[in-house]
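Q: My request is simple: use the sequences and hints to build the entire structure.
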Amino acid sequence: MSSPHIDNPEVTFHPDHSGGTGKIWKIFWVLSFLTIIELALGYFLYAKNGELGYVAVLSTKCAIAILTLAKAYYIVSVFMHLGDEIRNFIMTIVVPLVLFVWFIIAFLADGNSWKNLRNTNAGSTSNQIEQVHTEGTENK
Amino acid sequence: MSSAAIPSGTKWWSGGKSPFNVNYGKVMMWYFLMSDAFTFGAFLISYGTIRFSVNHWADPNHVFNSFPFAGHANLPLAFVSLMTFILIFSSVTMVLAVHEGHQMNRKGVEKFMIMTIIGGLAFLGCQAWEWTHLLTGEHVALLTDGTLGVIPTTVKMNPWGAELEHGTMMAALQKTSHEGLVAIASTLHHGAESAHHNLSELTNQELISQISASGLHATHSGPIAFGGYFFGITGFHGFHVFSGVIINIVMYIKTKLGHFDQRGHYEMIEKAGLYWHFVDLVWVFVFLCFYLV
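Sequence lines, in order, name chains Y and R. Residue 71 in our numbering sits at position 71 of the first sequence, with consecutive numbering throughout. Residue 3 in our numbering sits at position 3 of the second sequence, with consecutive numbering throughout.
Calculated from the structure, these hints are not laboratory results. Computed from a prediction, not measured in an experiment: that's the story for all the values here. For each residue, glycine too, the CB sits at the ideal point set by N, CA and C. Watch out, some of these pointers could steer you wrong.
Examples of chain Y residues toward chain R, derived with CB under 10 Å [what the hints assert, rightly or not]: (1) H17; (2) S18; (3) W114; (4) N119.
A: Here it is in structure tokens:
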């Protein structure tokens with residue numbers, strides 16, 4: 001126990017802060033590296049704009065999203081020291097965030113369904129369909 | 001940094017000690033940040049819903065392709081990369097300040113807090129430049145009344161729709177007023193004063209032939225929600241950066257005055273650090289949603 005500690009009743013076991021800054025710099029390089037890969041993939045999407053199929057674009061975007069989640073993990077776990085806390089506390093933060101899984105899937109699916117309705121004749125008068133179709137082709 | 005040995009089989013829930021092993025103030029900072037994560041999450045997911053619901057969305061590589069002092073050079077991703085690295089680096093200096101705090105090294109904390117504050121101000125400066133650039137930008141787009149106009153990116157309109165076909169553009173030019181044509185023609189000259197003066201003396205047909213000879217690229221007006229989401233979400237994030245800088249300045253002054261040495265610990269630096277890292281964390285997702293995909 002090299003560093004002084006706060007006398008408070010909430011902390012039973014004090015974390016050891018005697019380590020050096022090596023890990024901090026390592027995570028800095030990891031974050032930079034992940035960002036550079038993200039930018040490379042982003043540039044790839046830009047350079048190949050219009051040449052890639054739907055699946056290729058979607059999987060590249062998913063890859064970028066996964067790299068972003070990896071960055072978020074390193075920031076929270078190491079920079080915010082959540083990884084050094086005990087399991088009880090980690091869970092009280094992480095478990096509520098699981099709501100995001102439903103949140104993202106449900107609302108993106110809703111947006112997608114909205115687009116499908118926009119491009120089909122679901123419940124519209126024939127006059128409206130014509131308008132939507134010309135709009136759709138102009139934009140594509 | 002590994003945890004000090006916690007005896008295996010410690011009964012956290014049997015009373016007599018906190019089951020979280022964390023100071024009250026830090027627990028509350030975490031819960032605040034968690035609720036803030038839901039606020040940002042809801043904003044970004046709502047943006048995603050609207051974006052998924054339309055056939056055409058603004059292409060970030062066209063919207064964000066400029067760099068200060070680079071004129072009209074096409075540099076997609078460049079400026080936002082700079083902003084991202086500024087924020088990552090200021091996150092590193094913040095965690096180094098927390099580390100110095102653990103060692104009770106006041107000079108070290110002061111040094112890294114100053115660096116973190118400078119990083120935050122640099123980020124805000126970049127954002128101010130980007131907003132100004134978008135709000136004062138001049139792009140030719142098809143307006144709702146069927147004419148062409150020079151419009152910036154605001155919460156009410158933006159020029160980031162699909163490219164206009166040549167025929168549609170020429171038809172729209174015929175309908176555009178004299179003032180409108182002069183404004184469009186003057187964007188071709190990039191603001192040379194003498195050119196402006198002469199342009200207003202030309203007839204509509206002369207202006208139209210000049211514009212069409214220049215190979216002007218006009219667009220449909222963009223998805224109306226784009227500006228509101230972009231300025232709303234980056235503005236809310238920028239406000240977090242701003243308040244983070246204020247908190248960091250207060251922490252720097254308190255460090256300088258020796259308050260934390262008197263108190264015997266630098267835990268306030270840790271709490272300010274949590275907030276600052278959260279700001280970086282949110283940017284990682286804003287970067288993903290607005291600039292990369």
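Q: Hints numbered earlier in the text: which of these fail when held up against the supplied structure?
A: none
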